[in-house]
Amino acid sequence: MYNFDFVKPASVADAVAALAGEEAQPLSGGMTLLPSMKQRLNAPATLVSLTGIDALKGVCREGNMLVIGAATPHAVVAKEAAADYPALAALAGQIGDPMVRNRGTIGGSLANNDPSACYPSATLASGATIVTNTREIAADDFFQGMFSTALHEGEIITAVKFPIPEKAAYAKFMQPASRFALTGAFVAKYADGVRVAITGASEGGVFRWSEGEAALSSNFSAEALNGLSASADGMIGDLHGTPDYRAHLVGVMTRRAVAAAH
Amino acid sequence: MPKDGGIGASTKRREDLRFLTGNGRYTDDLNLRGQLHAYFLRSQVAHGRIDKIDTADAAAMPGVVRIFTAKDFEAVGGIPCGWQVTDKHGQPMQEPKHPVLAEGKVRHVGDPIAVVVAESAEQARDASEAIVVDITELPAAVDMKAALAADAPKVHDDLTSNLCYDWGFVEENKAAVDEAFANAAHVTTLELVNQRLVANPMEPRVAVGDYDPWNDQSTLYTTSQNPHVIRLLMGAFVLGIPEHKLRVVAPDVGGGFGSKIFHYAEEAFCTFAARQLKKPVKWTSSRSEAFLSDAQGRDHVTKMQLALDADNNFTAIRTETYANMGAYLSTFAPSVPTWLHGTLMAGNYKTPLIYVNVKAVFTNTVPVDAYRGAGRPEATYQLERIVDKAARELGVDPIALRRQNFIQPDQFPYATPVAVEYDTGNYDATMDKMLEVADYAGFAARAEESKKRGKLRGFGIAHYIEACGIAPSNLVGQLGARAGLYESATVRVNATGSISVFTGSHSHGQGHETTFAQVVADMIGIDAGQVEINHGDTSNTPMGMGTYGSRSLAVGGSALVKATNKIINKAKKIAAHLLEAAEADIELKDGKFSVAGTDKAVDWAGVTLAAYVPHNYPLESMEPGLEETAFYDPSNFTYPAGAYGCELEVDPETGKVEILAFTAADDFGNVVNPMIVEGQVHGGLAQGIGQALMENCVYDADGQLVSGSFMDYAMPRADDVPNYKVDHSCNTPCTHNPLGVKGCGEAGAIGSPPAVINGVIDALQRGGYSHVTHIDMPASPSRVWAAMNGK
Amino acid sequence: MTKVTLTVNGRSLSGEAEGRTLLSSFLREELGLTGTHVGCDTSQCGACVVHVDGLAVKSCTVLAQDVDGASVTTIEGMANADGSLATIQQAFQDHHGLQCGFCTPGMVMSAAALLKDNPKPTEAEVRHHLEGNICRCTGYHNIVKAVMAASGQDVSGVGIAAE
Ligand SMILES: Cc1cc2nc3c(=O)[nH]c(=O)nc-3n(C[C@H](O)[C@H](O)[C@H](O)COP(=O)(O)OP(=O)(O)OC[C@H]3O[C@@H](n4cnc5c(N)ncnc54)[C@H](O)[C@@H]3O)c2cc1C
Ligand code: FES
Ligand code: FES
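Protein chains in written order, with our numbering: chain L, 1 to 262; chain Y, 1 to 791; chain S, 1 to 163.
Relax, there's no trap hidden among the hints.
Derived lysine-lysine pairs resembling DSSO-like cross-links, with alpha carbons at most 27 Å apart: (1) Lys116/S to Lys57/L; (2) Lys120/S to Lys79/L; (3) Lys3/S to Lys38/L; (4) Lys12/Y to Lys120/S; (5) Lys573/Y to Lys600/Y; (6) Lys57/L to Lys79/L; (7) Lys3/S to Lys8/L.
Hints in this document: simulated from the structure, not taken from any laboratory.
Please take these sequences and the hints and turn them into a complete structure.
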């Protein structure tokens, strides 16, 4: 790693102020940022730790919304969201391994927008709202292609608001080495329709599978998807799977998610 | 019941105490006073001409002590290769120079160009970024067959081509083999890839060089499986330091699996730099660096054919293999696809005629050398896959086809057509045992049950043989080894009867400290706690060749038995003197010497004390003291064999394979510590299953390593593998070593890949995917799905 | 350099850390606690697992300064007060759950965290929990057995073919 200055503010305001400095970057769980800094792919002058800000932590229910603080570790979401939004809790419980879940956070995951990450699928499929220190961003506007989001320089995510669905589930097919999603499908059924978000598959990052949504909105059952398949165009092709394979998994994982939804 | 702590007992490991409490002493745990840190600047391109290296700016960076490039190594030798293979025309292989730091050209991603030595590791790395290296990138030779084309880029400009050697074995049999194929009733052909693997012991390599100018003594602490071999290669061939001025220490080592056999540039560098700078120099590999600098394994592309007569007897085998050497010849690389592979091509079968052709090829990739099994997994995989395929083509039971062609127990010793003589074995017995333990009889019902759940169940079988305990020195000398392959032990009995053993073998997980003590304690009849095993330091152990090829107990243990027998013989003479009896009448039992037929006795400690306090001692005819050294050079290899069965399910929707049960019935000869032997099999199985389903080291067309971290190189985790059922009750003791042991370290990794792949094919065939007759490893979900769907 | 103070295995210890100093380096190099190992640089292998304020974390992916003031337990702090092996450590020895020993500190720390949350895990739960800890030697069989045995479960039937 290149060296940097480390600061650990106790409030969002102090963090935002610190981030206004030259080449300052937020550090949350560090589970993505630190490995990439070890490869010397990032060279921030200052790292602003968010782990000391209590206001950024916690899971709480507000009406029909589940609000999760940006610096809430995956393990906490897995436990504390279980009653209100079990599919989201289950997703959090499948991220990485227990040690990763004890440190890694939802805010870090969304800000990073790894095309194979799990949280973006739940966020997009739930039509969640990303709350930052300056504004609220709808999930549909937030994800802008792999590793790219609507966040501005120095802007930090403070919370994510998830509308609680009637039924939902996440089905993840693991990449055998990294255990990120080779393809993951998050299906959420709301009164006004079904949303399906796919992660791991597309070169454009997380996306909504509109054919799947249309079919499921009229008939929420795995059978409704029979014969439907996603196009392999624009799918990721790598060591672990061809675009064809990923396109095929979109259908399989979506069906499995629907079957598991409750 | 074996005695606790004696031969045959599952004695708990004494070394565990330090490992379980964080008190192991691994090389990276060592920090010498005033130590400097080395960072290797490595090539980012697979092939290129170095036009300029400018270190001036870097040298001025904070903490930098000195920067080394190839210029500093002009007076120093290259990294030597320890095995010279002779090609089918009787010519020696092409052997390029392997400089410590790249000279003129870089030949693989990771080839070291310069080294920064600085006060801290981070400073060294910081400064390395200020080194200016101008490289003209050249087209890379990556694919082996393409690398042999006339117009292919040459990895080494001074060689005639990228062909290291073209080996034929047995060349004289070739015509007869071809004739047998012409006369065959059936010929089965299989083309397969034994993919490249990365050994990935969990401890990355580390080297710490130290130099004491007042005594002109160099010391290297290194993560090695064989410190004496490193001392010999580095001292004699690279740095020109005589043995008495060079000490090599391999303390606790966190796994090796072959990759820590070889002598590496970083070891020579740290030893050299410490002499130059008169300060300790340490290098610790990162995992990313390990992927680019540890020798890798396997990487064979093979076309194999099996000829059968009308009664389904195997009549001949013919293979053509391309074996990747990578950019340079690693220490034992040339031997792996040849002598460790061709000689095993008979397997457990009576096939009378065999011809093996191997073309070894230089490419712009990381060097390839031995990895757990080394050559024998490649042979076993080919054989056990093709026998299964033949059975399917002929519509016969693959088990019956194997049994029909097995070498029978009354045929031992059995000389194969590929130059080895098996001493013992009973292959039907291991096959029977495996089928029984695996409840093969109940498989059909279980397959039905799987079908109901929409899964395809399969059962894969493999029977392997391996040649271990490498090896008779005179034989390997004829075959091109540039070293002897004996092993050594010194048994030093102390005055009060405790024993310090010094072995040339090295333990990096195998538990020698426990098992070797069991052997000595059992022979003398004392408590194993009285025996301490020392290894890993050339300054106090006798010259030994180290641990690999499942040789420690078969060869090192035999040396230990020899030395202990010398001790017992001398102790009996002392006892005879003390008891005023004839030496022939002295018996040793349970640590007590007695005169046969009398109650006159002296205990072990009484004799050892007399040896060191020789007041009442036959000084005129015997030296005092009780210390003996023995070297043991085996008369043959040992031949462990076994039957493996893998029961698995394929998810037809995703192509994912789940292993439900794995059974191993091995014949290891006698077993000293069953607990440790089972553990060795478990570990081998996980690596073999990893190869079969997950692991794949891949380069792109430009020679960039695609699977350069655990993010892409799939290491088996706890939930990727099943519980294993292992049995070693079918046991035909080795006839030519004193313990009757055969070796168990590699078996699991040798027998399991074909068992898994045969199981995958079985599942698909039963499930109606009759067009799928082969899937190359790793049978990853995407590959299985693609094969099923003809993609 | 900044001073970092941790309560390590019950003792308050201080040392100097740069911004970039990882907890693993701080423990190994600054405090001399070399039982915590480093087996990778992509946060996958788990050789480096320690407990920070009671939670298992990968110390190679935590900045020393970020946990200033925390309470840390490493493998060196696992044995009983009288120096005898703790139940989980003893189970690893009894069931041959280690070979080279390099992954072992992380395995033990990870397993201890599991047993704290789930005192009687099933085999599948143990295997799943250990997914962040890579062992190249044992094939996991005996590790899983050791963890289950440490939880007081009978493991005599696990994978022994001949008995
Ligand atoms: C071994 C391993 C396995 C993993 N497996 C999975 C998996 O299966 N699925 C999965 O989804 N992920 C996986 N991850 C990634 C993990 O979930 C990370 O925790 C997550 O991606 C990043 O969160 P973090 O809190 O660690 O963020 P950091 O690493 O601290 O930060 C990531 C990025 O986000 C920025 N950032 C952090 N917080 C904020 C904020 N509040 N506002 C704005 N920007 C911010 C940082 O500056 C940085 O650029 C894995 C990671 C590891 C190491
Ligand atoms: S060293 Fe921490 S996960 Fe590998
Ligand atoms: S015991 Fe060697 S890596 Fe686990």
